[in-house]
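Chains as they are written, first to last, in my numbering: chain U, 2 to 179; chain H, 3 to 193.
These aren't lab readings, by the way, just hints derived from the structure by calculation. Note that the structure is a prediction, hence the values are computed from the model and not measured. It is possible that part of the hints are untrue.
Some chain U residues near chain H, calculated using beta-carbon distances under 10 Å [what the hints assert, rightly or not]:
(1) 59
(2) 60
(3) 62
(4) 75
(5) 139
(6) 140
(7) 143
(8) 145
(9) 148
(10) 150
The beta carbon of each residue, even a glycine, is placed where N, CA and C say it ideally should be.
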Amino acid sequence: MPESIPAPLIIDTLKDTFREARGASAREPLGWILSVPDTHQKTVLAALDKERALRVVTCATEDEANAVGAGLWIGGEPCVLMIQHAGLYASVNTLRGVAMDGRVPMFYMIGLLQREKDRDPKESRHSMVRFAEPLLDTFGVPHARLEGPDDVHRIPEYYRLSRERRGPAAVLVGLETS
Amino acid sequence: MAMKPEDVLRAIAAARGDAICVPTMTTSPAWRTIAPDDLSIGCVGFMGGASSLGLGLALAMPKRRVIVFDGDGSLLMQLGSLATIAGAAPRNLTHLIFKNGVYHTSGAQEIPGGLNVDFVQMAKGAGYRKAYAVTEFDDFKRRLPAILGDEGPVLVELHTGLADKTPMTDRSGVPFHQQVESLRQKVQTAG
Numbered sequence: 002m003p004e005s006i007p008a009p010l011i012i013d014t015l016k017d018t019f020r021e022a023r024g025a026s027a028r029e030p031l032g033w034i035l036s037v038p039d040t041h042q043k044t045v046l047a048a049l050d051k052e053r054a055l056r057v058v059t060c061a062t063e064d065e066a067n068a069v070g071a072g073l074w075i076g077g078e079p080c081v082l083m084i085q086h087a088g089l090y091a092s093v094n095t096l097r098g099v100a101m102d103g104r105v106p107m108f109y110m111i112g113l114l115q116r117e118k119d120r121d122p123k124e125s126r127h128s129m130v131r132f133a134e135p136l137l138d139t140f141g142v143p144h145a146r147l148e149g150p151d152d153v154h155r156i157p158e159y160y161r162l163s164r165e166r167r168g169p170a171a172v173l174v175g176l177e178t179s
Numbered sequence: 003m004a005m006k007p008e009d010v011l012r013a014i015a016a017a018r019g020d021a022i023c024v025p026t027m028t029t030s031p032a033w034r035t036i037a038p039d040d041l042s043i044g045c046v047g048f049m050g051g052a053s054s055l056g057l058g059l060a061l062a063m064p065k066r067r068v069i070v071f072d073g074d075g076s077l078l079m080q081l082g083s084l085a086t087i088a089g090a091a092p093r094n095l096t097h098l099i100f101k102n103g104v105y106h107t108s109g110a111q112e113i114p115g116g117l118n119v120d121f122v123q124m125a126k127g128a129g130y131r132k133a134y135a136v137t138e139f140d141d142f143k144r145r146l147p148a149i150l151g152d153e154g155p156v157l158v159e160l161h162t163g164l165a166d167k168t169p170m171t172d173r174s175g176v177p178f179h180q181q182v183e184s185l186r187q188k189v190q191t192a193g
């Protein structure tokens, strides 16, 4: 059964991920969170408001978040995009143009709003939950599920993967964060 | 009489110093000729993204000026970026709108609202530090030091005619991924 992941655990993991990305040059802000606010990850967003080590840029659309992320990458700044599955659907052309064709490493944390606790997302009653993984598969975007606290190691793993393959990689947040 | 975009670009090239420039759509072919192989990156393959790409560059490199050469049709595709930029408030971002009222590349169809769309009011409403229009080239040259030096975000609506070339009539551009890698290496080497 999937479990909710506490916001502090996600934030600490993001900090460690950014520290690793920066290596010896680690400084504040450690990294950037590009957010189109996702209800599913709202406890993380609320906790980020109090964080000084991570800088949040709230974007009006996921298209913008992808392009901002490209500029940060060029300037050597690490970032994570926190979006919702609906935002993934809304921004696939920019994901393609920036992260795939542009070969810009882009790491996404995608909230699966309305994912049922007792069902595999691929069998969800809700199309926005059901189609997320097949869409990522169609675009060849490697992805993993965060089904509970034991899965947070996927965050640095898929962040590194996006850098290694110079393209997109994603984790799907299974249940609403706590 | 509307300004020639090529004249505007030449004036910027002479005054920009080490600023990073982000051309898109019809400014791209002319800029490649005027400022070849320099600190520039064209927004190619995700129309409307120039302003957000410029925002990311400006946030990553706060000591360097970033100048976006946006189009009116392009900006309309991601109009919310005005609010995103104003919210992030990069002091080093200059956002130029080459306003010609049409989608030049696809055959000069009028953009929604045509020349009546007022990007200056939109930028002010979004929260840009400064926003104004320039209609004459002499006035543009006179204001250029402030355009490139004032604390941002600054938006300047430039009333221009059509460029001589478009990305469809001049396809000599470098693929986006090569531009990304080239600019990344240059700015990181420069430190």
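Here is how each hint holds up against the structure:
1. At its closest, the beta carbon of residue 59 of chain U sits 6 Å from a beta carbon of chain H; the interface hint therefore holds under the 10 Å criterion.
2. Annotation: interface hint on residue 60 of chain U holds; nearest CB of chain H at approximately 5 Å, less than 10 Å.
3. Look at residue 62 of chain U: its Cβ gets to within about 5 Å of chain H, closer than 10 Å, so that hint holds up.
4. Because the closest C-beta pair between residue 75 of chain U and chain H is about 5 Å apart, less than 10 Å, the hint holds.
5. Evaluation of the residue 139 of chain U hint against chain H yields a violated restraint, the C-beta minimum of about 18 Å exceeding 10 Å.
6. Taking 10 Å as the C-beta contact cut-off toward chain H, the hint placing residue 140 of chain U at the interface is violated, the least distance being around 14 Å.
7. Look at residue 143 of chain U: its Cβ only gets to about 19 Å from chain H, farther than 10 Å, so that hint breaks.
8. Annotation: interface hint on residue 145 of chain U violated; nearest CB of chain H at approximately 25 Å, more than 10 Å.
9. Hint status for residue 148 of chain U relative to chain H: violated, with the closest Cβ pair at about 31 Å, above 10 Å.
10. At a threshold of 10 Å, the smallest CB-CB gap from residue 150 of chain U to chain H is about 32 Å, leaving the interface hint violated.
The structure shown violates the earlier hints numbered 5, 6, 7, 8, 9, 10.
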